[in-house]
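Asks: Chain by chain, the residues:
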Amino acid sequence: MSGLKKYFDQIKPLFEEGGKWHAFQSIYDGFGSFLFVPETTSKSGAHIHDAIDSKRIMSMVVIALMPALLFGMYNIGYQNALAAGKLAETSFMGMFVFGLLAILPKILVSYIVGLGIEFAWAQWKHEEIQEGYLVSGIIIPLIIPVNTPLWMLVLAIAFSVIFVKEIWGGTGMNIFNVAVAARMFLFFSYPSQMTGDKVWVAQDSIFGLGYTLPETFTEATPLGLISQGLNSNATLSDMILGFIPGSIGETSVVAIAIGAVILLWAGIASWKTMASVFLGGIAMALLFTATGSTPIAWYEHIVLGGFCFGAVFMATDPVTSARTETGKWIYGFLIGAVAIIVRVMNPGYPEGMMLAIFFGNMFAPLIDHCVVEANISKRAKRATNK
Amino acid sequence: MANVIKLRKGLDINLKGRAIKKKVECQASKTVALRPSDFTGIVPKVVVREGDHVLAGDALFVNKQFPEVKFASPVSGTVKSILRGERRRVLSVSVEADDKLDYRDFGQHDASKMDGNAVKQLLLEAGLFGYINQLPYAISTDPCTTPKGIFVSALRDMPLANDFEYELEGNEDAFLAGLKALNRIATVHLGVGAKQTAKALTEAQDIDLNVFDGPCPAGNVGVQINHIDPVNRGETVWTVDPTSVIFIGRLFLTGKVDLRKTIAIAGSQIKEPAYADVLEGTQLADILNGKLVATDHVRIINGNPLTGERATLNDYLGAHTSEVTAIPEGDDKEEILGWILPRTKDFSVSRSYFSWLQGKNHEYDLDARIKGGERHMIMSGEYDKVLPMDIYAEFLIKAIITGDIDKQEQLGIYEVSPEDFAVAEFVDSSKLELQKIVRQGLDILRKENA
Numbered sequence: 001m002s003g004l005k006k007y008f009d010q011i012k013p014l015f016e017e018g019g020k021w022h023a024f025q026s027i028y029d030g031f032g033s034f035l036f037v038p039e040t041t042s043k044s045g046a047h048i049h050d051a052i053d054s055k056r057i058m059s060m061v062v063i064a065l066m067p068a069l070l071f072g073m074y075n076i077g078y079q080n081a082l083a084a085g086k087l088a089e090t091s092f093m094g095m096f097v098f099g100l101l102a103i104l105p106k107i108l109v110s111y112i113v114g115l116g117i118e119f120a121w122a123q124w125k126h127e128e129i130q131e132g133y134l135v136s137g138i139i140i141p142l143i144i145p146v147n148t149p150l151w152m153l154v155l156a157i158a159f160s161v162i163f164v165k166e167i168w169g170g171t172g173m174n175i176f177n178v179a180v181a182a183r184m185f186l187f188f189s190y191p192s193q194m195t196g197d198k199v200w201v202a203q204d205s206i207f208g209l210g211y212t213l214p215e216t217f218t219e220a221t222p223l224g225l226i227s228q229g230l231n232s233n234a235t236l237s238d239m240i241l242g243f244i245p246g247s248i249g250e251t252s253v254v255a256i257a258i259g260a261v262i263l264l265w266a267g268i269a270s271w272k273t274m275a276s277v278f279l280g281g282i283a284m285a286l287l288f289t290a291t292g293s294t295p296i297a298w299y300e301h302i303v304l305g306g307f308c309f310g311a312v313f314m315a316t317d318p319v320t321s322a323r324t325e326t327g328k329w330i331y332g333f334l335i336g337a338v339a340i341i342v343r344v345m346n347p348g349y350p351e352g353m354m355l356a357i358f359f360g361n362m363f364a365p366l367i368d369h370c371v372v373e374a375n376i377s378k379r380a381k382r383a384t385n386k
Numbered sequence: 001m002a003n004v005i006k007l008r009k010g011l012d013i014n015l016k017g018r019a020i021k022k023k024v025e026c027q028a029s030k031t032v033a034l035r036p037s038d039f040t041g042i043v044p045k046v047v048v049r050e051g052d053h054v055l056a057g058d059a060l061f062v063n064k065q066f067p068e069v070k071f072a073s074p075v076s077g078t079v080k081s082i083l084r085g086e087r088r089r090v091l092s093v094s095v096e097a098d099d100k101l102d103y104r105d106f107g108q109h110d111a112s113k114m115d116g117n118a119v120k121q122l123l124l125e126a127g128l129f130g131y132i133n134q135l136p137y138a139i140s141t142d143p144c145t146t147p148k149g150i151f152v153s154a155l156r157d158m159p160l161a162n163d164f165e166y167e168l169e170g171n172e173d174a175f176l177a178g179l180k181a182l183n184r185i186a187t188v189h190l191g192v193g194a195k196q197t198a199k200a201l202t203e204a205q206d207i208d209l210n211v212f213d214g215p216c217p218a219g220n221v222g223v224q225i226n227h228i229d230p231v232n233r234g235e236t237v238w239t240v241d242p243t244s245v246i247f248i249g250r251l252f253l254t255g256k257v258d259l260r261k262t263i264a265i266a267g268s269q270i271k272e273p274a275y276a277d278v279l280e281g282t283q284l285a286d287i288l289n290g291k292l293v294a295t296d297h298v299r300i301i302n303g304n305p306l307t308g309e310r311a312t313l314n315d316y317l318g319a320h321t322s323e324v325t326a327i328p329e330g331d332d333k334e335e336i337l338g339w340i341l342p343r344t345k346d347f348s349v350s351r352s353y354f355s356w357l358q359g360k361n362h363e364y365d366l367d368a369r370i371k372g373g374e375r376h377m378i379m380s381g382e383y384d385k386v387l388p389m390d391i392y393a394e395f396l397i398k399a400i401i402t403g404d405i406d407k408q409e410q411l412g413i414y415e416v417s418p419e420d421f422a423v424a425e426f427v428d429s430s431k432l433e434l435q436k437i438v439r440q441g442l443d444i445l446r447k448e449n450a
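So the sequence lines, in the order shown, correspond to chains A and B.
Here the first sequence stands for residues 1 to 386, where the numbers follow full-length UniProt numbering.
Here the second sequence stands for residues 1 to 450, where the numbers follow full-length UniProt numbering.
Hints may contain errors.
To be verified - With a cut-off of at most 27 Å between alpha-carbon atoms, the simulated BS3-like pairs for lysine-lysine come out as follows:
#: 1; chain 1: A; residue 1: Lys43; chain 2: B; residue 2: Lys385
#: 2; chain 1: A; residue 1: Lys378; chain 2: B; residue 2: Lys398
#: 3; chain 1: B; residue 1: Lys407; chain 2: A; residue 2: Lys381
#: 4; chain 1: B; residue 1: Lys9; chain 2: A; residue 2: Lys272
#: 5; chain 1: B; residue 1: Lys333; chain 2: A; residue 2: Lys43
#: 6; chain 1: A; residue 1: Lys378; chain 2: B; residue 2: Lys407
#: 7; chain 1: B; residue 1: Lys436; chain 2: A; residue 2: Lys125
#: 8; chain 1: B; residue 1: Lys436; chain 2: A; residue 2: Lys272
#: 9; chain 1: B; residue 1: Lys195; chain 2: A; residue 2: Lys378
#: 10; chain 1: A; residue 1: Lys381; chain 2: B; residue 2: Lys398
#: 11; chain 1: A; residue 1: Lys381; chain 2: B; residue 2: Lys6
#: 12; chain 1: A; residue 1: Lys12; chain 2: B; residue 2: Lys333
#: 13; chain 1: B; residue 1: Lys148; chain 2: A; residue 2: Lys381
#: 14; chain 1: B; residue 1: Lys385; chain 2: A; residue 2: Lys381
#: 15; chain 1: B; residue 1: Lys6; chain 2: A; residue 2: Lys272
#: 16; chain 1: B; residue 1: Lys64; chain 2: B; residue 2: Lys80
#: 17; chain 1: A; residue 1: Lys43; chain 2: B; residue 2: Lys6
#: 18; chain 1: A; residue 1: Lys378; chain 2: B; residue 2: Lys385
#: 19; chain 1: A; residue 1: Lys43; chain 2: B; residue 2: Lys447
#: 20; chain 1: B; residue 1: Lys333; chain 2: A; residue 2: Lys6
#: 21; chain 1: B; residue 1: Lys398; chain 2: A; residue 2: Lys125
#: 22; chain 1: B; residue 1: Lys447; chain 2: A; residue 2: Lys381
#: 23; chain 1: A; residue 1: Lys6; chain 2: B; residue 2: Lys345
#: 24; chain 1: B; residue 1: Lys64; chain 2: B; residue 2: Lys45
#: 25; chain 1: A; residue 1: Lys381; chain 2: B; residue 2: Lys9
#: 26; chain 1: A; residue 1: Lys43; chain 2: B; residue 2: Lys436
#: 27; chain 1: B; residue 1: Lys398; chain 2: A; residue 2: Lys272
#: 28; chain 1: B; residue 1: Lys113; chain 2: A; residue 2: Lys43
Simulated from the structure, these hints should not be mistaken for lab results.
The following block holds chain B by itself, in its conformation from the complex (with noise of 0.2 Å):
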C-alpha cells in the first residue's frame, strides 16, 4: 500500500467552467511554434534557419550553455520564422506543418535494458530532456547534474486545472514506459492525489508511490518534494510534469517524438468547457476559435489562474501548459464600496464576506481584478495557511524582499518554486506578487551561485 501523505493546509478555489469529460475539435494548426521561455532558466541558440525543411523530433533551438539539451519541433514542416524580442532575445521558433507529419526515427527502446546513461543520452538526442525542470531554482535542468530523485505529480488540483487521469486515458502505456524509463537515471516518485485510482498511477511497478490527501496546492510537484525527501542545499531533485512522461513514454515505445497532449479548455468565458486534443505549440487562436463567450474584456490564459500566463490569441500553447483559461478581465466592472458592502458573489476566504454561506460546492466567477492595492505585509499567517510545507513564507519573502542570501538559503528557498506561493498570493491581503518576488529571487540566487 502506498503511502499517504495528509494535508490539512491549502484552498480548493471552486471555479465557474470547469472542462466536462468530453473531447471537442480543434482546428488544426497550420503554424506551430515552439517558445525558448517556456523552458525556464535556459539562453536559447537557434539552430534551424528560415525556410529550412525539419521533422518532427528535429531541434529548433538549444541551450546555448548546454548544446547537448535540444528542443525538439512539434511537427515537420518549414521553419516559417523565428520571432525576437528586445535585445534580440527569440521569442518563438514557429515551423509551418506539412500536410502529413513526417517523424525523425529515434529508434524503438527498452528501457529495462538500458542504463541511466543511455537514457538521458537518448532524451538528449530527442529533444525531450529539456522538459525535465530541477530543483532547487525551478527551471529546466541542467544536464550536468545527478539527481536525488525524479518525483513526477499526477495531481492537478489548481482551479480550472486539466485532470490528469482523464489525460491518462489511452496513454497508459506510453505513461508508464515513461515512468520506467526515469526510473533508470534516478528513483521516481509518483505523487498521486487521494481521488485517483487509474491503474496506471496506482500500480506503477518499482517506484515509489505516495498518495497526497489535501487541497490546492497538494498537487504542487514541490509541496510533494518537501513530504517526501525535501531538497537540501548542494542537492538536486529533477521534476517532470504528467505529460512529459507521457512524450518520454511515446519516444521508447514507438522512437518518435509524438507532442500531442490533451489539453482543458475552461473558465467562465469558455462557450463549452471540455476538452481537446492538440500539439504542442499550437496557436491559441486555433485553440479557441468559436469557443470564447465574449472577445473583449476577457482575459486568456496559458495555463490555470493561478500560475498560468497571461496570453492573446496570437500566443502559442505553452509547452508546460496543460490547460488554456478564460475568465473576465473586469476592468469594466464598476463595484462601489467595496470596504463595506456584502459583495456575495466575492470569493474570500476571510469571514468578512460571506462565502462561507454558500458552501464548499458554489462556483465563482472570478475575474482578474486585484481588488486592493497593494501594501506592505500586514496580516500574519495568512501564507501559512495555504503553504503546505515546512517552511516560513513570509519570513522567506522578506528575505527575498531584502535580497539577503543567507537567510534565502537558510530558510529554505531551495525548495521552493514560484507555483508554490500560488495560492498564498490569491489570499494575501496585501496583494503582494508573490509568485514573481520567488521567481526573482531564485533568478538572483543562480546567478550569485553560478
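This is chain A alone, in the form it adopts within the complex (with noise of 0.2 Å):
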C-alpha cells in the first residue's frame, strides 16, 4: 500500500493553492482521507486522542442499514412475484437480484446527486467534505417507494441537501433530518408518487428478471387499506419479518432489530432516544385501541410501516435530536405518539412516522432549552441563596 500513499502524497501539490486541479481539492481530500487515516497531529489541547471520528461513526449507521437494505432488495422481488402469481417458480436469487436492480439506481443517483453537491460545497465553502451524506445517501432509498421515478429522486435530494444542509452549515448544524425533509418533499411536491395502491410493488421486469404486471395492478401497503377501514390480510409474522408492500427499507422489523442492536453495541444511537420512541408509541396507540379508535392492535402499529425503521435510523440521528440526556426521553417520547396521532386521527395519511421525526426535529431545541434552563436556574439560586 505504501506505493498508493507515495502516489498520493506526489500529486498532492496539484490540488493544492495555485495548482492545475485546484478545483478539486476537496475531491482529492476526501479521497486522501477516505484511503488513508489522516496523519495530521494535535497542535493544542490534548496530544493524544480517541481513534473514533465521525467517518467511523457513519460507516457504521452504514452496516447497521446493511440488514434493511438486503432485506429490501429481496422483498421487491418477492413482492413483484408474489403479484404475478409466480411465487412458486421463483428463486431467491432471482427475487434478490431482481429487488438489487430495481434499488441500485436509486442508491447511485442519491450518492452521485448528494455527495456531488456535498462535494462541490465543500470545494467553494475550503471545507473539508462531511461524511453526514453517506448516512443520508442510503437512507434515503430506503425510506421510498420502489416505484419512485429518478428524476424525483434527483430533485428531492437537491432540493434537502442545499436547503436542509448546507445552507445551515452542514452536518452537524442542521435542525431537520436530510432524509426525512427529502420524504417529504417527494410527498407533499408528489403525492401520488408516493402514497395510493400504484407504486409500492415494481411493476416491470428488469433485464428480464422479475415479471411485467398488468397496468391495472394495484396494492396497498397495509396502513393504507386499514386507513381506508379495509382489511388487511397481512399476517402478523409478514409484518414482522417484513413480506409487505411498503417503503423499500422499512418492512422487515427483524432486520431493522439487527441494526438496531448494532447501533446499540456501539453506542452510536441513543438507547433512550430510540426505547422512548417505542413507548410514546405503544402508549398512544395503547390509548387509541382503549378507546375504540384504530381497529388494529398495539403491536400491529409499532411493527407496520415506518415506525420501526423511523425509531431505530431517524429519531436518534443526534444532530436533530435533543441533545440533552432528559430531553431524550421527551423527544422519543413525542415522536412515538405522534406517529400515532397521525395515523390514527388522520385518514388522508395513513403513515405518521415521517411528520412525527419532522416535527420532533422541530420540537428538539425547544426540549433542551427547558432542559438547559432548568440547570440554568438551579446556578442562579445557588448564587443568590449564600
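Take each chain as given, in its own frame, and dock them per the hints.
Replies: In C-alpha cells, the structure reads:
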C-alpha cells in the first residue's frame, strides 16, 4: 500500500492552491482521508485522541442499515413475484437480484447527486467534506416506494441537501433530518407517487428478471388499507419478517432490529431516544385501542409502516434530536406518540412517522432549552441563596 | 471519617510507559529558567538585568498589574538571558546556576502564630504566591481577592501522571506545614483519591478532607470544587497544586525557597520510565538526556499527554508540571481505511473498535495523531460522559464558540478550567480543540469583566 500512499503524496501539490487541479481539492482530500487515516497531529490541548471519528461513526450506521437494505432487495423481488402469482417458480436469487437491480439506480443517484453537491459545497467553502451524507444517502432510497422515478429523487435530494443541510452550515448544524426532509419533499410535491396503491410493488421486469405486471395492478400497504377502513390480510409474522409492501427498507422488523442491535452495541444511537420512541408509540396506540379509534392492535401499529425504521435510524440522528439526556426521553416519546396520532386521527396520512420525526426535530431545540434552563436556574438560585 | 464522593463519569486511559517508583539521576542543570507563561494570566515585568547575580528566592520577574506578586528564582547564580518573543513578550528568564546554591533567608515561621494576611505577605515576599491559581478564569491568582476556600487536590489521575504519594515521601512535614499555612488564609479543602493512604494526606489536621472515588478527571481540582462548594458568580476560590503546597511548607519550615520537586519521566518513548528529583525550570534536555528511545517522530510533552504542553528539548520544565512525557508523534504512521478496519491496537471508548476486548489493564501506545477531521458537533452526550460536573458541557462550549457571554455565565463558565475538558477533548469524535476553546472563552470573559 505504501506505493499508493507515495503516489497520493506525490500528486498533492497539483490540488493545492495554484495547482492545476485545485478545483478538485475537496475530492482529493475526501479520497485521501477515505484511504488513509489522516496523519495530522494535535497542535493544542490533548496530545492523544480516541480513534473514533465521524467517518467511523457514519460507516457503522451504514453497516447497521445493511440488513434492512438486503432484505428490502429481496422483498422487492418477492412482492413482484407474489403479485404475478409466480412465487413458487421464482428462485431466491432471482428475487434478490431483481430487487438489487431495482434499488441500485436509486442508491447510485442518491450518492451521485448528494455527494456531488457535498463535494462542490466543500470546495466552494474551503471545508473538508463531511461524512453525514454517507448515511442520508443510503437512508433516502430505503424510505421511498420502489416505483419512485429517479428524476423525482434527484430533485428531492438536491432540495434537502442544499436547503435543509448545507445552507445551515452542513452536518452538525442542520435542524431537520436530511432524509426526512427529502421524503417530505417527495410526499408533498408528488403525493400520487408516494402514496396510494400503485407505487409499492415493482411493475416491470428488469433484464428479463422479475415479471411485468398488468397496468391495472394495484396493491396498497397494510396501513393504507386500514386507513381506508379495509382489512389487511397480512399476517403478524409477515409484518414482523417484512413480507409486505411498503417503502423499500422499512418492512422487516427483524432486519431493522439487527441494525438496532449494532447501533446500540456500538453506542452510536442513543438507547434512550430509541426506547422512548417505542414507549411513546405503544402508549398512544394503547390509548387509541382502548377508545376504539383504531381497528388494529397496538403491536401492529409498532411493526407496521415506518415506525421501527424511523425509531431506530432516523429519530436517533444525534444532530437533529434532543442533545440533553433528559431531553432525549421527551423527544423520543413525542415522536412515538405523534406518529400514532397522525396515523389514527388523519385518514389522509396512513403513515405518521415521517411527520412525527419532522415535528420532533422542530421541538428538539425547545426541549433542550427547557432542560438546560433548569440547570441555569438551579445555578442562579445557588448564587442568590448564599 | 472523611467525606467520600463517588464519581461515575470519566475515563481512565491506560498508556504504555507509566513511571515505576524508582528515582533516576538527571544531569544537574547548569541553566534553569522561569517562564512567565506557566503562570497563566499574568503580564510579566522583568526586575533583573542580564549579568545580575541573584539568590534562590530572589524575584526574576513580577506581575506588572500587581508588582507585589514576585516570581522567585529557583537557583542562585547569574542572570544569563531574558528571552523575548513576538511583541517583546517575555518567554523566559534564565539563570546560570552557581556551583553551590545560596538561598535568600526569609526566616522560619510558625504559621499557627500568624494571621492570614501575614502568611500572604510572606508568600508574596518569597515569590511563591504566583504558584497559587484561582477560579474563576483558571489563572494565577489576583492578590486582591479573598478566597472562599483554598482547594488542593492530591490526586493526579491523568494518563502517565506523577503519583503524588510517591512525591510526598520525605516531604510529609513540608506538605503539612504548607496546608497549615494556607489554612490561615481560608479553609483548605484537600481532595484525595480513594486509593491514597499516605498519613500526611488522610490525617492532615484542621482541614476539610474529601475522598474522590472515580475515574479521571476526578483528580482535577475543578471537578472537586464542583462537588464540594461550586463557584458562584462573584466568588473566588484558590487552587494550589500539591507540589506548590510542599514549596510553601518548606518556606515556613526552613525559611528558604526550595523549588526541588519529584517529577515522573514517562511514556512509551522513554527507555526506563521512572521518577527524578529536579529543580524548577530545569532544561528538558538535561532531564531527558539519554532517556529517549528515539529522537525522530517523538513528541515531548511538558506535562501529561492530556493537558501538557508540546515541548522541545530546549524548553524548560513548567512551573506546574509534575511529569515530562514522550509519546510517538505518529506523523510517519500509515494506516489505511481507518473507517472500517478493526484497528485493534487503537484505543477507543466506542465499541466500533475492539478495545473492549483487550480488558481494562491493557496498555496502549497512543501517538499524537488526531485520527480524524475536525467537524461540527455531531454526536451528543460525548462530553457529559467524561465530565463529572454539574455542567452542560456541549451547551457551554457552543456558548463560548458563539461568544454568548450571558449564556456562558449562566452555564457555569466560572466553575471550569480548560483541563476539565481534557478527557472530553480526547473522546470527542468531532475532534474539536476543547481546551483551547475554553481557554479563549475564559480570557475573553476576563477582559470583559475587568
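Asks: If a hint holds in the structure, say so; if it does not, say that too.
Replies: Hint by hint, here is what the structure shows:
{"no.": "1", "hint": "A:Lys43 x B:Lys385", "in the structure": "holds, 24 Å"}
{"no.": "2", "hint": "A:Lys378 x B:Lys398", "in the structure": "holds, 20 Å"}
{"no.": "3", "hint": "B:Lys407 x A:Lys381", "in the structure": "holds, 16 Å"}
{"no.": "4", "hint": "B:Lys9 x A:Lys272", "in the structure": "holds, 18 Å"}
{"no.": "5", "hint": "B:Lys333 x A:Lys43", "in the structure": "holds, 17 Å"}
{"no.": "6", "hint": "A:Lys378 x B:Lys407", "in the structure": "holds, 14 Å"}
{"no.": "7", "hint": "B:Lys436 x A:Lys125", "in the structure": "holds, 24 Å"}
{"no.": "8", "hint": "B:Lys436 x A:Lys272", "in the structure": "violated, 31 Å"}
{"no.": "9", "hint": "B:Lys195 x A:Lys378", "in the structure": "violated, 33 Å"}
{"no.": "10", "hint": "A:Lys381 x B:Lys398", "in the structure": "holds, 23 Å"}
{"no.": "11", "hint": "A:Lys381 x B:Lys6", "in the structure": "holds, 25 Å"}
{"no.": "12", "hint": "A:Lys12 x B:Lys333", "in the structure": "holds, 18 Å"}
{"no.": "13", "hint": "B:Lys148 x A:Lys381", "in the structure": "holds, 18 Å"}
{"no.": "14", "hint": "B:Lys385 x A:Lys381", "in the structure": "holds, 25 Å"}
{"no.": "15", "hint": "B:Lys6 x A:Lys272", "in the structure": "holds, 24 Å"}
{"no.": "16", "hint": "B:Lys64 x B:Lys80", "in the structure": "holds, 22 Å"}
{"no.": "17", "hint": "A:Lys43 x B:Lys6", "in the structure": "violated, 34 Å"}
{"no.": "18", "hint": "A:Lys378 x B:Lys385", "in the structure": "holds, 21 Å"}
{"no.": "19", "hint": "A:Lys43 x B:Lys447", "in the structure": "holds, 25 Å"}
{"no.": "20", "hint": "B:Lys333 x A:Lys6", "in the structure": "holds, 13 Å"}
{"no.": "21", "hint": "B:Lys398 x A:Lys125", "in the structure": "holds, 21 Å"}
{"no.": "22", "hint": "B:Lys447 x A:Lys381", "in the structure": "holds, 26 Å"}
{"no.": "23", "hint": "A:Lys6 x B:Lys345", "in the structure": "holds, 24 Å"}
{"no.": "24", "hint": "B:Lys64 x B:Lys45", "in the structure": "holds, 5 Å"}
{"no.": "25", "hint": "A:Lys381 x B:Lys9", "in the structure": "holds, 25 Å"}
{"no.": "26", "hint": "A:Lys43 x B:Lys436", "in the structure": "holds, 10 Å"}
{"no.": "27", "hint": "B:Lys398 x A:Lys272", "in the structure": "holds, 23 Å"}
{"no.": "28", "hint": "B:Lys113 x A:Lys43", "in the structure": "violated, 49 Å"}
Hints 8, 9, 17 and 28 from the earlier list are contradicted by this structure; the remaining hints agree with it.
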